[in-house]
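Protein chains: 2
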Amino acid sequence: MTAVAESRAPVHVGVDIALVVPELRRWIDRLGPDLSPICAHQLGADCGKLVRPTLVFACAQAVGGSTGDALPGAVAVELIHNASLIHDDVMDGDEFRRHRPTVWKQYGVAQAVLAGDALIGLAFEALATDAARENAGAAAADLARAVRALAIGQHADLRLEGSTTATTAECLALMAGKTGALLGVACRLGARLGGAPSGWLDGFTDYGGNLGVAFQLVDDLLGVWGDPAVTGKPTGSDLRARKNTAPVAAALARSGAAPARLRALYQSQAPMTDHDVAEATALVERAGGRAWTVDQCHRHVARAWDALDRLPLDADARDALRDLADRVVARMP
Amino acid sequence: MTAVAESRAPVHVGVDIALVVPELRRWIDRLGPDLSPICAHQLGADCGKLVRPTLVFACAQAVGGSTGDALPGAVAVELIHNASLIHDDVMDGDEFRRHRPTVWKQYGVAQAVLAGDALIGLAFEALATDAARENAGAAAADLARAVRALAIGQHADLRLEGSTTATTAECLALMAGKTGALLGVACRLGARLGGAPSGWLDGFTDYGGNLGVAFQLVDDLLGVWGDPAVTGKPTGSDLRARKNTAPVAAALARSGAAPARLRALYQSQAPMTDHDVAEATALVERAGGRAWTVDQCHRHVARAWDALDRLPLDADARDALRDLADRVVARMP
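Residue numbers (this note's numbering), protein chains in the order written: chain A, 971 to 1303; chain B, 971 to 1303.
Isolated chain A, as found in the complex:
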């Protein structure tokens, strides 16, 4: 492993995140001249926000580990994340992501299915090959459990799509699977590869899992009220596609005139016009969907803090991870 002695100090969260980009590219190059450009298209020039690798490194550092030890975990979770984006876009028929056509839109469904499969395999290869030998098997099992939760969460997402009767509990459970599981395992892998005692690992999963739900709630808010220049998606695209995101589910779960009108807009077969999207946006807010989502976001960040409080971390390490959690909320529109 390429352990860097200087980075053992537990506070420099995010400092070495740039390490992960060349390592992602090195692994993707192994997919050969046909598949690697397709996967590189998905990652883009900057590889996106790298939220999951940041969590891996932060948690490794919080337990006194190095970014070098944690790097295989950082690469693996980011590869799984991109695989799930490619396949989710196929399933949802989404045409744009990160200001670019999605993989299936650019290369066709068959290539997108294949590129996602290749990235899932590559994630396990990177982790099992490069993690320290004593951790590799357990780390691969951690990641695989998260992939299972991700699949079950995505299934719930497909099932609830088009539903106007999803409960907020179903919506939160779906987020715990779709986003919570991967952010949870990012934190767990960071702690494991960083050398944490095994008794600490569930606490890190809990921290990351709650952070993941908060993160997804913010994403759902951005999908309605976010700036297209920031999100890379057209304004109101989630409403236009009648996606059952958290603010909408919370609004539809209420009774009254605004939820009833919103339900009618969602149940109509006609394409949503710009006017419909604007009206739906106002209705979600009026029915309390925005307020509920903001409140839930704060609750999940608080639970992430609680998980940290139960771990015997140094004060500096705890502060660094609290700070990361707060940064999630700071993106909220």
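By construction, these hints were calculated from the structure, which means they are not laboratory data. Be a bit skeptical, because a hint or two may be false.
[What the hints assert, rightly or not] Far from chain A, some chain B residues (derived; all Cβ distances over 10 Å): (1) Thr1134; (2) Thr1138; (3) Ser1168; (4) Asp1189; (5) Arg1212; (6) Leu1235; (7) Tyr1236; (8) Thr1243; (9) Thr1251; (10) Arg1288; (11) Asp1293; (12) Val1299; (13) Arg1301; (14) Pro1303.
[Stated by the list, open to error] The following label-pair restraints were derived from C-beta to C-beta distances: (15) B:Glu1065 - A:Gly1014: 32 to 40 Å; (16) B:Glu1255 - A:Pro1204: 51 to 59 Å; (17) B:Arg1129 - A:Gly1014: 21 to 29 Å; (18) B:Ser1225 - A:Glu1131: 52 to 60 Å; (19) B:His1069 - A:Ala1211: 35 to 43 Å; (20) A:Val1079 - B:Asp1172: 31 to 39 Å; (21) A:Gly1014 - B:Gln1239: 32 to 40 Å; (22) B:Arg1129 - A:Ala1252: 45 to 53 Å; (23) B:Glu1065 - A:Ala1211: 25 to 33 Å; (24) A:Arg1292 - B:Asp1172: 46 to 54 Å; (25) A:Ala1234 - B:Arg1301: 56 to 64 Å; (26) A:Asp1004 - B:Ala1227: 30 to 38 Å.
A virtual CB, placed ideally from N, CA and C, is assigned to each residue, including glycine.
With chain A's structure known, arrange chain B on it following the hints.
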């Protein structure tokens, strides 16, 4: 591990194959009430021929290991195999497999993509969770490399689809990726989990890889000349879909009247009639496509035997693995 002392004898190849079915079902049940029935549909009542688990067990026994030690490897390769079938059927648009509608045909493309992803994750989970701790990481890395080769092979398959200029070398390389890699890793995992010295593992991969190509060549022959009652596919379905299988590629690589007429049938945009399929079948045979494929099949089985000869195995173990290789050829129509 549930090592069974009695099964340490290296000759009872295939005896314990029934162990793998309940273990496959136990893992698939973990996918929950929505996804597990979809995956169970793919596996079917009998879980198919279980060729890959048979190889895992046979190779474990050949090195003096038990089926109990090898079981996580057997489960993992069979789950990957089924995942790749589900996704290949999506990519190829195939509607029937094992006498049943394919997963995408029965449940839709989104569910099929998801079910395949879930099975890939589950394969790594089964392997990394249940393999002996000292082997788990290396075994997961083995499996992941095979998944990469599988994806690259499937990409070549998609690229060559509809081509009438694919060389026989391209065709064999594609088979080495699509089928050879998984049968190769089945043998490698069997040997690894069975306790083989690490210096033996490449020999087992070589044995399984060559066997895999032979196996695929037989499958390609069955796709043209096989009995539909045995193959579960309509007669001549590969020709009807203008698939570029080995006999066709070999026939098209020749010059003369028969290849020219076959090329015209393959390049036509019109749907193949029953008459066209019958004519194409005769043309492939006349152009030497069948003879070439049969010859290549024997060559690859011979190479599998050679790989065994280079391993310091007991005579009984070697005979058992030679016998398995011969059984592949025995399916040849």
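### Query
Does threonine 1134 of chain B really sit off the interface, with its C-beta more than 10 Å from all C-beta atoms of chain A?
holds (20 Å)
### Query
How does the Cβ-Cβ distance of histidine 1069 of chain B and alanine 1211 of chain A compare with 35 to 43 Å: does it lie in that range?
Taking Cβ atoms as reference, histidine 1069 of chain B and alanine 1211 of chain A lie about 38 Å apart, which means the hint holds.
### Query
Are all beta-carbon distances from valine 1299 of chain B to chain A longer than 10 Å?
Valine 1299 of chain B is indeed farther than 10 Å from all Cβ atoms of chain A, at 30 Å.
### Task
Kindly confirm whether 52 to 60 Å is satisfied by the beta carbon distance between serine 1225 of chain B and glutamate 1131 of chain A.
holds (54 Å)
### Task
Say whether it holds or is violated: threonine 1243 of chain B keeps its Cβ farther than 10 Å from all Cβ of chain A.
Since the minimum Cβ distance to chain A is about 26 Å, threonine 1243 of chain B lies beyond 10 Å and the statement holds.
### Query
Holds or violated: is the Cβ of arginine 1212 of chain B farther than 10 Å from all Cβ atoms of chain A?
Per Cβ check, arginine 1212 of chain B is outside 10 Å of chain A; nearest 16 Å; holds.
### Task
Starting from the range 51 to 59 Å, see whether the pair glutamate 1255 of chain B and proline 1204 of chain A falls in it by beta-carbon distance.
holds (56 Å)
### Query
CB of arginine 1129 of chain B to CB of glycine 1014 of chain A, is that within 21 to 29 Å?
holds (24 Å)
### Query
Is leucine 1235 of chain B truly not at the interface, in the sense that its beta carbon sits beyond 10 Å from all beta carbons of chain A?
holds (24 Å)
### Task
Mind verifying the non-interface call on aspartate 1293 of chain B? Its CB should be farther than 10 Å from each CB in chain A.
About 32 Å separates aspartate 1293 of chain B from the closest Cβ of chain A, which puts it past 10 Å; holds.
### C-beta pair glycine 1014 of chain A, glutamine 1239 of chain B: status relative to the range 32 to 40 Å that was hinted
holds (37 Å)
### Message
The output says aspartate 1189 of chain B does not contact chain A. Does that hold with a beta carbon cutoff of 10 Å?
### Response
holds (20 Å)
The earlier numbered hints are all upheld by this structure, with none contradicted.
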